[in-house]
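The working numbering numbers the first residue of the sequence shown as 3 and each following residue consecutively.
Just so you know, these hints were derived from the structure itself, not from any lab. The reader is advised that the hints may include incorrect statements.
When the alpha-carbon atoms are kept at most 30 Å apart in a straight line, the in silico DSS-like pairs for lysine-lysine are as follows [unchecked claim]: (1) LYS583 / LYS79; (2) LYS577 / LYS330; (3) LYS583 / LYS330; (4) LYS390 / LYS204; (5) LYS390 / LYS583; (6) LYS577 / LYS418; (7) LYS577 / LYS204; (8) LYS318 / LYS260.
Values in this document were obtained by computation on a predicted structure and should not be read as measured data.
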Amino acid sequence: MPRHFVLTLGSLARFRKAILTNAGVTGDPPPAINKSNQVRTNDLPSSRSSLLVATSSRMQYPKEVSDPLTLADKPPKSQLVLLALVTGAIVSNISLSVANVALPSIGRDLNASQDQLTAVANAFALGLAATVLYFGAIADRYGRKLMFILGAVLTVPTAFLSAYAPNVEILILGRFTSGLAAALLFPTTLSLISSLYRNHAKVTAIALWSGIGGGVAAIGPVIGGWLLEYFWWGSVFLIAVPLVIAALIMGLISLPWKCDEDPGAVDHLGGVLSMLGVLALISAIVLSAQGIDPTLIALFAGSIVLLALFFWRQAKAPRPLVYLPLLKARTLWVAFLSSAITFGSLIGAMFIGQQFTQNVLGYTALQAALVVVPSSICTIIFGTLAGKLVVQLGSRFAFAWGLGSVALAFTIMLLKWTNDASLLWVFTAYAFIGIGVGLAATPASRALMSSVPPARAGMGSAFLDLTRDFGGAVIQAIMGALLAVAYAGSIRTQLSALPASEQSAVTSELTDKLTSSYSSAVEVSQGYSSAVAKEIIEGAAMAFTDGKSAAIAVALALTLIGLTASLLFFPGKEKEEAYYKEVLEGASAE
Numbered sequence: 003m004p005r006h007f008v009l010t011l012g013s014l015a016r017f018r019k020a021i022l023t024n025a026g027v028t029g030d031p032p033p034a035i036n037k038s039n040q041v042r043t044n045d046l047p048s049s050r051s052s053l054l055v056a057t058s059s060r061m062q063y064p065k066e067v068s069d070p071l072t073l074a075d076k077p078p079k080s081q082l083v084l085l086a087l088v089t090g091a092i093v094s095n096i097s098l099s100v101a102n103v104a105l106p107s108i109g110r111d112l113n114a115s116q117d118q119l120t121a122v123a124n125a126f127a128l129g130l131a132a133t134v135l136y137f138g139a140i141a142d143r144y145g146r147k148l149m150f151i152l153g154a155v156l157t158v159p160t161a162f163l164s165a166y167a168p169n170v171e172i173l174i175l176g177r178f179t180s181g182l183a184a185a186l187l188f189p190t191t192l193s194l195i196s197s198l199y200r201n202h203a204k205v206t207a208i209a210l211w212s213g214i215g216g217g218v219a220a221i222g223p224v225i226g227g228w229l230l231e232y233f234w235w236g237s238v239f240l241i242a243v244p245l246v247i248a249a250l251i252m253g254l255i256s257l258p259w260k261c262d263e264d265p266g267a268v269d270h271l272g273g274v275l276s277m278l279g280v281l282a283l284i285s286a287i288v289l290s291a292q293g294i295d296p297t298l299i300a301l302f303a304g305s306i307v308l309l310a311l312f313f314w315r316q317a318k319a320p321r322p323l324v325y326l327p328l329l330k331a332r333t334l335w336v337a338f339l340s341s342a343i344t345f346g347s348l349i350g351a352m353f354i355g356q357q358f359t360q361n362v363l364g365y366t367a368l369q370a371a372l373v374v375v376p377s378s379i380c381t382i383i384f385g386t387l388a389g390k391l392v393v394q395l396g397s398r399f400a401f402a403w404g405l406g407s408v409a410l411a412f413t414i415m416l417l418k419w420t421n422d423a424s425l426l427w428v429f430t431a432y433a434f435i436g437i438g439v440g441l442a443a444t445p446a447s448r449a450l451m452s453s454v455p456p457a458r459a460g461m462g463s464a465f466l467d468l469t470r471d472f473g474g475a476v477i478q479a480i481m482g483a484l485l486a487v488a489y490a491g492s493i494r495t496q497l498s499a500l501p502a503s504e505q506s507a508v509t510s511e512l513t514d515k516l517t518s519s520y521s522s523a524v525e526v527s528q529g530y531s532s533a534v535a536k537e538i539i540e541g542a543a544m545a546f547t548d549g550k551s552a553a554i555a556v557a558l559a560l561t562l563i564g565l566t567a568s569l570l571f572f573p574g575k576e577k578e579e580a581y582y583k584e585v586l587e588g589a590s591a592e
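Can you build the whole structure from these sequences, using the hints too?
The following block contains the structure:
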């Protein structure tokens, strides 16, 4: 029998009999009610002294709970609920990262340029980032379990579309639609945790969600590397299929159909503006590596107009997707900025790192995936530890150590990842990335979810997803563009240094192939003698290292900006907790 109950003020008389029955009290006099219509818990008999009195006008609870006003720190079937939600997060995280290990193979088999490889790596995050805010609001209105199920179901056909794509254009489309499916699935995992768990149980659940969900997902590229040893590149996109089926079955069994949903209307116009604005912005960044042209200018101008209209709409809409006054809270905007920079830089670094270790260091796909394992292990360990640090010392402490660790990892990549980099430096850099992400993910998740009222949990979850997906899409696009530009520039510099007699043999068509991508340069080298082929490959490796360094330098600079913002502007533990309490009290008073 439950020991804790939530009573709606003003309805005490109506529920008095049920309350006394549930408390196991049949003959005691009713509790005294003061003039403000609040229960005085010190007037309750000892057998009922643990009853909690709170207010809530919009809370809905699972049917499994016998009393609809019962509030517990954990939901019924808590372990199965958490397993379903963490598995759902693993599916989305694997889908996001698994393409990187296959990029060199995709480049060879589909004859893809560096720009196209960037698009393949970015398409999933683009589909997710463009729609996650809109889909989060729809989940708040129509049911998070429904969106969880739809996302899980749609993940299967989109995975097969990517796996069996006949050309790079269809592959990009498949990855984009997989991102749309993830936008349905992934936000609901965290918003359900935020709604179903309370107090320290909530912090622990978020820590497990971020630590295990992110850490175990790193095993995906390892499995992908092993598959590439025996199967075609498309097999890596099928890794998530059995996992998403398991998540679907567990979700159908354990998740409640209704939990803190907001009955208000959805701002569909704002949703469309946000989708188009994000699509235009990220597409413009990806295309910027090809140079300035009317299409690029139109995309940048269009993104500015669309995003400006989106924020104007949010200020006017009766039920906005983004409640702009909430953005004034430092716990929200600092966490968003720092996390977007950190996770974006991380995703970009993984995108470049997988190509660097295979193309320049000569690792196989499996070896390149295995060197990332320290990152996965450290993410799980320090992600779990971060929950305790947040409770004891506050989020700012965990943020600072996390961002500092990521900055150290990028410094190692910048200085020690050369053409003959040792395995030790590769391991060390990935380990510090895992430490940093593990420490930063939990405080970011908690800050963004606790800074919004429960009825807007979808908005908080969407903001958290945006830190990873929008930050990842934008910064990965920037790093990918820098890689392509620096690589091509380095190749042209090497060609211009050739003797005049040799330069005459370099046609414009040959130059285009050499500057297109590393895999294209390798293909060109196969038409020459072994000595010349070796020179071409060494030149391409040097050019790729130059591009890697340019991109990593930007990631490092952005991470330091995030670290500075968290140290200067994120509140200390007492002020942070006071604000979260204020948010909950405000929601209860509605």
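Against the structure, the hints:
no., hint, verdict
1, LYS583 / LYS79, "holds, 27 Å"
2, LYS577 / LYS330, "holds, 15 Å"
3, LYS583 / LYS330, "holds, 17 Å"
4, LYS390 / LYS204, "holds, 12 Å"
5, LYS390 / LYS583, "holds, 19 Å"
6, LYS577 / LYS418, "violated, 41 Å"
7, LYS577 / LYS204, "holds, 19 Å"
8, LYS318 / LYS260, "holds, 29 Å"
The structure is inconsistent with hint 6 alone, although it conforms to all the rest.
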